Amino acid sequence: MAPILRVEGVSKRFGGLVAVDNVSFEVNEGEVFALIGPNGAGKTTLFNCVTGFYTPTLGTVTFQGRDITGFPPHRTAKAGIARTFQNIRLFDYMTAVDNVRLGHHVRMRSRLWDSLFKTPFERREEREITEHSMELLDLVGLKRHADSYARNLAYGQQRRLEIARALATDPKLLLLDEPAAGFTPQEKVELMQLVQVILARGITVFLIEHDMRVVMQASKRIVVLDHGEKIAEGTPAEVRANQRVIEAYLGKSA
Amino acid sequence: MATAVQRLRGTFLPLSFNSGLNVIGILVVLVALFASTQRVIEGGGTYFFQTLGFGLAQGAIFALVALGYTMVYGIIELINFAHGDVFTLGAFFSLAIITSPLGALIGLTPSSSGAGVILPLLGLFVVTMLFCALVNIAIERVAYRPLRHAPRLAPLITAIGMSALLEGIMNVWKGPYNLAYPDFLPENQIPLGGGATIAAKSVFVIVIAVVLMVVLTLFINRSKLGKAMRATAQDRDAAQLMGIDINRTISATFFIGAALAGAGGIIYGLYYNSVQAFDGFQYGLYAFTAAVFGGIGNIPGAAIGGFVIGIVFAMSDGYFTTKWTIPLIFAILIFVLVFRPTGLLGMRVPEK
Numbered sequence: 001m002a003p004i005l006r007v008e009g010v011s012k013r014f015g016g017l018v019a020v021d022n023v024s025f026e027v028n029e030g031e032v033f034a035l036i037g038p039n040g041a042g043k044t045t046l047f048n049c050v051t052g053f054y055t056p057t058l059g060t061v062t063f064q065g066r067d068i069t070g071f072p073p074h075r076t077a078k079a080g081i082a083r084t085f086q087n088i089r090l091f092d093y094m095t096a097v098d099n100v101r102l103g104h105h106v107r108m109r110s111r112l113w114d115s116l117f118k119t120p121f122e123r124r125e126e127r128e129i130t131e132h133s134m135e136l137l138d139l140v141g142l143k144r145h146a147d148s149y150a151r152n153l154a155y156g157q158q159r160r161l162e163i164a165r166a167l168a169t170d171p172k173l174l175l176l177d178e179p180a181a182g183f184t185p186q187e188k189v190e191l192m193q194l195v196q197v198i199l200a201r202g203i204t205v206f207l208i209e210h211d212m213r214v215v216m217q218a219s220k221r222i223v224v225l226d227h228g229e230k231i232a233e234g235t236p237a238e239v240r241a242n243q244r245v246i247e248a249y250l251g252k253s254a
Numbered sequence: 001m002a003t004a005v006q007r008l009r010g011t012f013l014p015l016s017f018n019s020g021l022n023v024i025g026i027l028v029v030l031v032a033l034f035a036s037t038q039r040v041i042e043g044g045g046t047y048f049f050q051t052l053g054f055g056l057a058q059g060a061i062f063a064l065v066a067l068g069y070t071m072v073y074g075i076i077e078l079i080n081f082a083h084g085d086v087f088t089l090g091a092f093f094s095l096a097i098i099t100s101p102l103g104a105l106i107g108l109t110p111s112s113s114g115a116g117v118i119l120p121l122l123g124l125f126v127v128t129m130l131f132c133a134l135v136n137i138a139i140e141r142v143a144y145r146p147l148r149h150a151p152r153l154a155p156l157i158t159a160i161g162m163s164a165l166l167e168g169i170m171n172v173w174k175g176p177y178n179l180a181y182p183d184f185l186p187e188n189q190i191p192l193g194g195g196a197t198i199a200a201k202s203v204f205v206i207v208i209a210v211v212l213m214v215v216l217t218l219f220i221n222r223s224k225l226g227k228a229m230r231a232t233a234q235d236r237d238a239a240q241l242m243g244i245d246i247n248r249t250i251s252a253t254f255f256i257g258a259a260l261a262g263a264g265g266i267i268y269g270l271y272y273n274s275v276q277a278f279d280g281f282q283y284g285l286y287a288f289t290a291a292v293f294g295g296i297g298n299i300p301g302a303a304i305g306g307f308v309i310g311i312v313f314a315m316s317d318g319y320f321t322t323k324w325t326i327p328l329i330f331a332i333l334i335f336v337l338v339f340r341p342t343g344l345l346g347m348r349v350p351e352k
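Note that the protein sequences, when read in sequence, are chains A and B.
Going by my numbering, the final residue of the first sequence carries number 254, and the count climbs one at a time with no gaps.
Going by my numbering, the final residue of the second sequence carries number 352, and the count climbs one at a time with no gaps.
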C-alpha cells in the first residue's frame, strides 16, 4: 500500500519551546493510523502542521505525492484533507444540515451569477448538496436533528456532526482529534463502527486518541509521541510492549 | 467579555424580512406617538412629513455607512474607524471626476441637470464604489492584516491612524473648505395626499439605498462568498477547513463595506450639495452609533439603526433645537452601550 501522507523530519518551535521535534512517519492509504502520547506531547501541534494551521519550522509534509508543506488550511482542504477539532468547532448559529452543506463549499462550482439569479444549474447543485448532506447526517445518526441549531445539540451529537461536516469536504484523509473524548463506552463503540464505515468509503483515517482501548482496537498502526519526539511506532501489540512507551505513560519505575 | 464577544460573533446574519418587522412595528408606534404630541400637531402635517422624509433620507445614508462598520466588526471584530473617511473619499473622488475633463466626457459637469444625468450618474456610482472598495482593501492589507493576531487594541489604533491619514490626504488635496457638490437632483416635492409632500431628492436617496441593501441581502443569503462570510464570522479556523480562503473573504467584506460607503458618499454630496474633508469623522460616528443601536455585527440591525438615527436626527433638528441633536445622538450611543450592549436586535437565534 502506498503512503497517502508522508511526514518527514517535521519540527515546530514556538520561541524556545520545541513542540514537535524531528518527527517522521507515513500513513498508508486505507488504514486507521493513530497518534498517541501523554498530554503536551505535541499531537495537536502535529495535526496543525499537517492541516496548515501551522507551518512546520523544519521538515516536509507530502500528501498523495505532493508537497503541501506550508499550504494554508483552505488549500489543504482542497487537496483532500479534512479534520475535526479536540474542542468542537461547529458553526453554532447554523442548523446541523447547514453546517454539513457548508462543508461542500470547497467543491461547489456555482458562480456568483448562478447564485444571485438562481439558475437551474445552481438549483440542481444546491439540491444535490442538500441530499448529500442529509445522507451524511444519516450516516452519523443525526438525520432527525437536521434542523436543530448546532449549539443546541448534545455533546456527542456535536462531535458526530463535526465528522459529518468534515466528510462533506470529500476528503481522502480524515484527521480526528480525540474523537472519543468525553464519550460513554457505548458511544465509543458506535464511534469505532463509524470509523469502519468511513474507511469503507475509501477514506484513510488518522486519529489522535487518549483512550488506549479505542486505539488498540481501531488502529492498524500507531505512532507514539512524547515531549515532541517520536518514541515508538508499530502495531498496537508492539507499541503496548514497548518499554519507552510504558515509561512515558506510567513514569520510570524506580 | 468572552461570552459577549461570542454572542456578537454569531450575529453576522443577513437581512431577513420577518426579523425586522417587530422592531419596525415598535418604531412606527413611537413615531406615531411622537407625531401626536402638541408641538408636532401645531407644526402641521406638511411639516411633519417633510421632516420625516428628510430623516429617512439621512437615515438611508447612515444605514449605508453603518453596514460597513457592522460587516467588518462581524467578521474580524474590529471597529474600522477609517470607514467614515472612506465615505468622504467617495464624495471627494466623485466630485473630482465631475469637475475633471473626464466628467465632461461621460456627460457630467457641475451644471448638468435633467433626465440626461441618470446614466452617467449610474456610471459615476460604479466607478466611485469600485475606487473606495479598492482603497479599503488596501487599508485592510496594510494596516489590519499584519495585526490580525495582535491584541485587539493594536488594529484599533492603526484604524484611527488610517482615519487621520485619509483626512490629511483629502485636506491636502482640496483644502479644509466646504466644497460645492453639484446639484443634479430635481428640487420638486412629490405630493403624498392631504397636503403632505416628500422631496423628490429624499425619494431618490431612499430608493438607491434600499436597492443597494436588497442586493447586499441577496448576495449574503445566496452567494458562495456570502456563505463564506457567515462561516468566517462564526469560526475562522473551521471555515478554513471547509476550503474557505479567509483572507479573500475578509477582503471581500472590506470591499463590499467600502462600496456601500462610497455610494453613501455620492448620495451625501448630491443631497447636501456640500462636502468637507473632515465630514467623515463625525458622520462616521453617527453611522457607528446606528450600527451599535442595531447591534454591532448584525446586518439588519445596522440598516434599521441607520434609519432610526436618521429620523431622530431630523425630528430633533425639526422640532427641538439643532444644538441638542448631536448630544442626543451620542446620549443614545451611551444609553445603548450601558443598557443593551447587544443592540436593538441583538441575538435572534431560536432556542430548541
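These aren't lab readings, by the way, just hints derived from the structure by calculation.
Some hints here could point you the wrong way.
What the hints assert, rightly or not - Per label pair, the in silico range of CB-to-CB distance:
hint : chain 1 : residue 1 : chain 2 : residue 2 : range
1    : B       : A180      : A       : K78       : 31 to 37 Å
2    : B       : I190      : A       : D170      : 52 to 58 Å
3    : B       : I169      : A       : R66       : 41 to 47 Å
Unchecked claim - Listing some non-contacts, in silico: residues in chain A with all C-beta distances to chain B over 10 Å:
hint : residue
4    : G52
5    : H74
6    : L90
7    : D138
8    : G182
9    : Q193
10   : V197
11   : L199
12   : I246
13   : Y249
Unchecked claim - Covered by chain B, according to a simulated footprint, are these stretches of chain A (three or more residues, beta-carbon under 8 Å):
hint : segment
14   : 100–109
15   : 140–146
Since this is a predicted model, take the numbers as computed values, not measurements.
Just so it is clear, CB atoms sit at the ideal spot from N, CA and C, and this is done for glycine as well.
The hints, checked one at a time:
1. B:A180 with A:K78: 31 to 37 Å: 53 Å, violated
2. B:I190 with A:D170: 52 to 58 Å: Since the Cβ atoms of I190 (chain B) and D170 (chain A) sit about 56 Å apart, the hinted range of 52 to 58 Å holds.
3. B:I169 with A:R66: 41 to 47 Å: 46 Å, holds
4. G52: 8 Å, violated
5. H74: 5 Å, violated
6. L90: 7 Å, violated
7. D138: 20 Å, holds
8. G182: 19 Å, holds
9. Q193: Given that every Cβ of chain B is farther than 10 Å from that of Q193 (chain A), nearest at about 24 Å, it holds.
10. V197: 21 Å, holds
11. L199: 20 Å, holds
12. I246: At roughly 35 Å from the nearest Cβ of chain B, I246 (chain A) sits farther out than 10 Å, so the non-interface label holds.
13. Y249: Holds, because the least Cβ-Cβ distance between Y249 (chain A) and chain B comes to about 30 Å, which exceeds 10 Å.
14. 100–109: holds (count 6)
15. 140–146: With 0 residues close enough to chain B, the hint is violated.
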